[in-house]
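These protein sequences, in sequence, are chains Y and W.
Taken in order, the first sequence gives residues 1 to 523; the numbers are from the numbering used here.
Taken in order, the second sequence gives residues 1 to 492; the numbers are from the numbering used here.
Please note that a few of the clues may not be correct.
[To be verified] Below, simulated EDC-like cross-link-like pairs (lysine to aspartate or glutamate); rule was C-alpha separation at most 16 Å, straight line:
id : chain 1 : residue 1 : chain 2 : residue 2
1  : W       : K30       : W       : E159
2  : W       : K369      : W       : D437
3  : Y       : K324      : Y       : E398
4  : Y       : K111      : Y       : D30
5  : Y       : K161      : W       : D448
6  : W       : K369      : Y       : D30
7  : Y       : K111      : Y       : E160
8  : W       : K158      : W       : D354
9  : Y       : K29       : W       : D448
No lab work stands behind these hints: they were computed from the structure.
Below are the chains, spelled out letter by letter.
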Amino acid sequence: MEFIQSNMLTLILLTPAVAALLMLAFLPKDNKPAARWIAFFASLIPLALTLVVWFGFDASAPGFQYENQHVWYEAINSTYHIGIDGLSLAMVLLTTLLTPLSILASFSVEKNVKIYMALFLILETGMLGVFVSLDLLLFFLFWEIGLVPMYFLINQWGSEKGERELWGGRVVSARTYASFKFMVYTMAGSLGLLLAIQLLGISVGSYDLITLFDQWPQLTELVKIPWEVPVATVKTVAFWAFALAFAIKVPVWPFHTWLPDAHTEAPTAGSMILAGVLLKLGAYGFLRLVLPLYPEQAQAAAGVLAFLATMAIIFGAFAAFGQKDFKRLVAYSSVNHMGFVVLGIAAAAAAVHTENAEHATIALNGAVLQMFNHGLSAAGMFFLVGVIYERTHTRDLEQLGGLFPLLPVYGGILIFTSMASLGLPGLNGFVSEFLVVRGSWPIFTVYTALSMLGLLFTGAYILKGIAKTLHGPLNEAWKGKLTEMNRRELFVIAPLMVLMLWLGVSPDWLLSVINKAMMTLFG
Amino acid sequence: MLEIPYILSLIVFLPLVAGLVMLVLPSDRKKLIYRFALGTAALTFLLTILVYVGYDIQTAGYQFVEKYDWLPKLGISYSVAVDGISAPLVLLTGIVIFTGVIISQRIDDRPGQFFGFLFILATGVFGVFVAVDMFALFFFYEIAVFPMYLLIAIWGWKETREYAAMKLTLYLFIGSVIALVGGLAMYFNSGLNTFDMIALEGANFSADFQNFWFPFVFFGFAVLGGIWPFHNWSPDGHVAAPTAVSMFHAGVLMKLGAFAALRVGIMLLPIGAATHMWWIILLTLVNVVYGAYIAMVQTDLKYVIGFSSVSHMGLVVMGFATLNHDGFVGAGIQMVSHGVMTALFFAVVGMIYDQAHTRQISELGGVAKFMPFVTGAFIIGGLVSMGMPGFSGFIAEFPIFMGVWQAYPWIAIVAVISIVITASYIIRIVGAVFFGDLPKALEGHIHDVTFSEKLALGLLSLVLVGLGLFPSIMVPMVESGVDKVLALFGGA
Chain Y
1 MEFIQSNMLT LILLTPAVAA LLMLAFLPKD NKPAARWIAF FASLIPLALT LVVWFGFDAS
61 APGFQYENQH VWYEAINSTY HIGIDGLSLA MVLLTTLLTP LSILASFSVE KNVKIYMALF
121 LILETGMLGV FVSLDLLLFF LFWEIGLVPM YFLINQWGSE KGERELWGGR VVSARTYASF
181 KFMVYTMAGS LGLLLAIQLL GISVGSYDLI TLFDQWPQLT ELVKIPWEVP VATVKTVAFW
241 AFALAFAIKV PVWPFHTWLP DAHTEAPTAG SMILAGVLLK LGAYGFLRLV LPLYPEQAQA
301 AAGVLAFLAT MAIIFGAFAA FGQKDFKRLV AYSSVNHMGF VVLGIAAAAA AVHTENAEHA
361 TIALNGAVLQ MFNHGLSAAG MFFLVGVIYE RTHTRDLEQL GGLFPLLPVY GGILIFTSMA
421 SLGLPGLNGF VSEFLVVRGS WPIFTVYTAL SMLGLLFTGA YILKGIAKTL HGPLNEAWKG
481 KLTEMNRREL FVIAPLMVLM LWLGVSPDWL LSVINKAMMT LFG
Chain W
1 MLEIPYILSL IVFLPLVAGL VMLVLPSDRK KLIYRFALGT AALTFLLTIL VYVGYDIQTA
61 GYQFVEKYDW LPKLGISYSV AVDGISAPLV LLTGIVIFTG VIISQRIDDR PGQFFGFLFI
121 LATGVFGVFV AVDMFALFFF YEIAVFPMYL LIAIWGWKET REYAAMKLTL YLFIGSVIAL
181 VGGLAMYFNS GLNTFDMIAL EGANFSADFQ NFWFPFVFFG FAVLGGIWPF HNWSPDGHVA
241 APTAVSMFHA GVLMKLGAFA ALRVGIMLLP IGAATHMWWI ILLTLVNVVY GAYIAMVQTD
301 LKYVIGFSSV SHMGLVVMGF ATLNHDGFVG AGIQMVSHGV MTALFFAVVG MIYDQAHTRQ
361 ISELGGVAKF MPFVTGAFII GGLVSMGMPG FSGFIAEFPI FMGVWQAYPW IAIVAVISIV
421 ITASYIIRIV GAVFFGDLPK ALEGHIHDVT FSEKLALGLL SLVLVGLGLF PSIMVPMVES
481 GVDKVLALFG GA
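Excised from the complex, chain Y in its bound form (with noise of 0.2 Å):
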């Protein structure tokens, strides 16, 4: 007892990895409906943990708890440091949750099980990592071993149909093409990342983060490195270098185009941990550290991060708009919400230490709520998209239509989480977007104001792609083929739905921890 308690976040870290291991150890290879039920448990461990660790989680106390320190690269002065405050606790939380639902939506799955569900439960660990890091090295330790298992479940497991031509005319299938363009484009955002770490390393002496936040800011001489230039100016470099890495991530427009690729061509599980957790490692990222190591120069730059988050929100609603494709639609609709929390990013990042500070925190509360919204909704949208490929093997619009008198309760499912999606007013989107735009407006006017607008548009794509699955005349070759949604497929979407109802009507049980951290990180 005593060393689960105080062994918690690492429990909830290793869990998943630990069983994704055993698995493949010692599972024969064709018991399909074992490997589903034990990667399905083993994912519920971290969720149960996690429980805990919310109702022990003091909100009201500054910095980190739960904390755990081990050596680990000596050499190099990186240690095993893990800890969370108010901003981790809500992603593991997301995580932690949609990960079981996401397997649990994956039961469909029937190649390699196994070795589905393994890649799964590692994906998981990766994620978590990021969030619970407080050691920049380990960070990006976990920060990069996650594009692994993601990389082969949209390789391995995306869709099937669909090709690409590469330059030179060479043809290959459409989940090479997007699974190679995330592992590549996202390596790449990391190169400068690798250089700009091992540069705050060597000049502060350590990676451990609380070391990091405390000297790297003052810094003043780069001792350790024989360079002419000065540090003010190495700075600004590192800061774009890190900015750039979590762009892509995030992603920020015009850094985006890997994103509709990969979540088109991934499993509907996969597309699901994609928009719903991954995207939020970005938007961790310039939380955790982009403001906190570089708030000057995150400061002088805050006004081109708010443009490309308005660019992001406004083009993401038209590229949804304009999609026949209904998972590429629900793709850029991700592009489109992830640019408000980039809004409320680049607004307190403006707003910090000026007269304007409270209505940053306003905004910051905004995001990373808007960031557990999101991911609410995005798995919700990209499960219910899956849902009905599975049924009619198809996402193109056109042959859709009509399947609201077939399919009821997915037709309603389908409404009540599109307008979560949309921020109707009552359910989950609208409190975070109403958060980001009321915290953003004194700072950040014309961009808001033009964020706004792009509301419009978002509701308009959202609509569009109701009205084009379940109104309209009906494809007659659905007509008797169409099952309604199953026990399993309820229960994968049941908790996301009482949870967007649940923080549309009082979001107050998680803003209130945001909030203290916010409070501590930036107040």
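Dock chain W against chain Y, hints included.
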């Protein structure tokens, strides 16, 4: 702790004696020869583990010392010991010889001679790693090069084996002769009448002397480390060699060059090293980036791995060239990490070639379905290769880059490009060779490998992952060796 007297001499000469016995065993007793080879390799591996575990990091310095006069008039002694840098390399050699013998089960052509020469080669390699006497070091160095020629020329790939064996041998002999000249210059100039390298470290050679001779000694050995533009022999040699020899060659032999360049070049001529390193690091930059690029455009799977070794060995020498703590530590780890990784790669390529009889990437595909374990192992190697955190490659490359930052920041920024290039060719190979559809021509030809082969791959993978997750199993030891090297530069 179990203490075995003369353990280093045992490690060095056990393979030699066993190898000589194998040479005369009748070739038709294939099973017997294989069992004998496997037993010898296992015993050698066990001894190397004992050395590794028995090395005391707290005391550091040279341990397991043995010293006997050899030619006392000339100041030559048989003197062996290991320090923090060479102990992991001895272990590496143990791992590679063990796994290399396991996967050589299907050698049909004169197996006695094959294993005989392989073990004689191992003696040479162990000898270099443990030699404290410069003459002994050269002696073992040549022992290592000679059997290589025969192994490639007789058992190699029919298309290129004679060409590759000749090229390799000439390159390495010329290199070692040049280094030997430098070594003799040190011997005469020191006036100490000794080849003992610990004594020569204190010889206080003049700056002019060091500046003049350093390039000779360094490049003489670095040829075997695959430094650009003298790397050309290595991909040809790798490709032409039979699988176990490729594993040994890329996995261990290239480290021999880097290690000797460090031991004889950098450690005995530190001022010379400090003078010349600024341009040597530029050469290694070419190794790292251009090597990765060349690997990317190969169509033959084995050549891809061959050139990837050029790129990764470039990182080792680059780490040395920083002449600082982080760079040396990283280079020390990279030698082991790359050795295990590339042995794994060549083992996998060999397994595929044995069954598919082609190594053209375009003619392969869909292997994963038939060899899931092999695929998993190759992917682990691939992740190490692209420097994925959590695997040994990252543990090695990260400090190397940190070291380069502290010496030549711009080079760190350029060199890092190699990571993306490496990632793209690894992803391409994994996709093209292991996944996708099995080509018609290969249907029915691809089967899973045997249990013992899986054991070999599993062992190699385990080292790569273990070192990646728990760097403390090796880094402190390397660090203790590095501290001593740094002391020669007047700092710690």
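Hinted pair, alpha-carbon criterion (16 Å max): K111 of chain Y, E160 of chain Y. Please report holds or violated. Holds: K111 of chain Y and E160 of chain Y sit about 12 Å apart, inside 16 Å.
Is it true that the CA of K161 of chain Y sits at most 16 Å from the CA of D448 of chain W? Status violated; Cα separation ~29 Å.
For K30 of chain W and E159 of chain W, compute the direct alpha-carbon distance and say whether it is at most 16 Å. Roughly 26 Å separates the two Cα atoms, so the pair is violated.
Holds or violated: K29 of chain Y to D448 of chain W, with C-alpha atoms at most 16 Å apart: 15 Å, holds
Can you confirm whether the C-alpha distance between K369 of chain W and D437 of chain W stays at or below 16 Å? 9 Å, holds
Take a quick look at whether K369 of chain W and D30 of chain Y sit within 16 Å of each other, Cα to Cα. 14 Å, holds
Does K158 of chain W pair with D354 of chain W here, judged by a C-alpha cut-off of 16 Å? This hinted pair holds, its Cα atoms lying about 14 Å apart.
Do the alpha carbons of K324 of chain Y and E398 of chain Y lie within 16 Å of each other, as the hint requires? 7 Å, holds
Holds or violated: K111 of chain Y with D30 of chain Y, Cα cutoff 16 Å? At roughly 10 Å apart (the allowed maximum being 16 Å), D30 of chain Y and K111 of chain Y satisfy the hint.
Of the numbered hints listed earlier, those contradicted by the structure are 1, 5.
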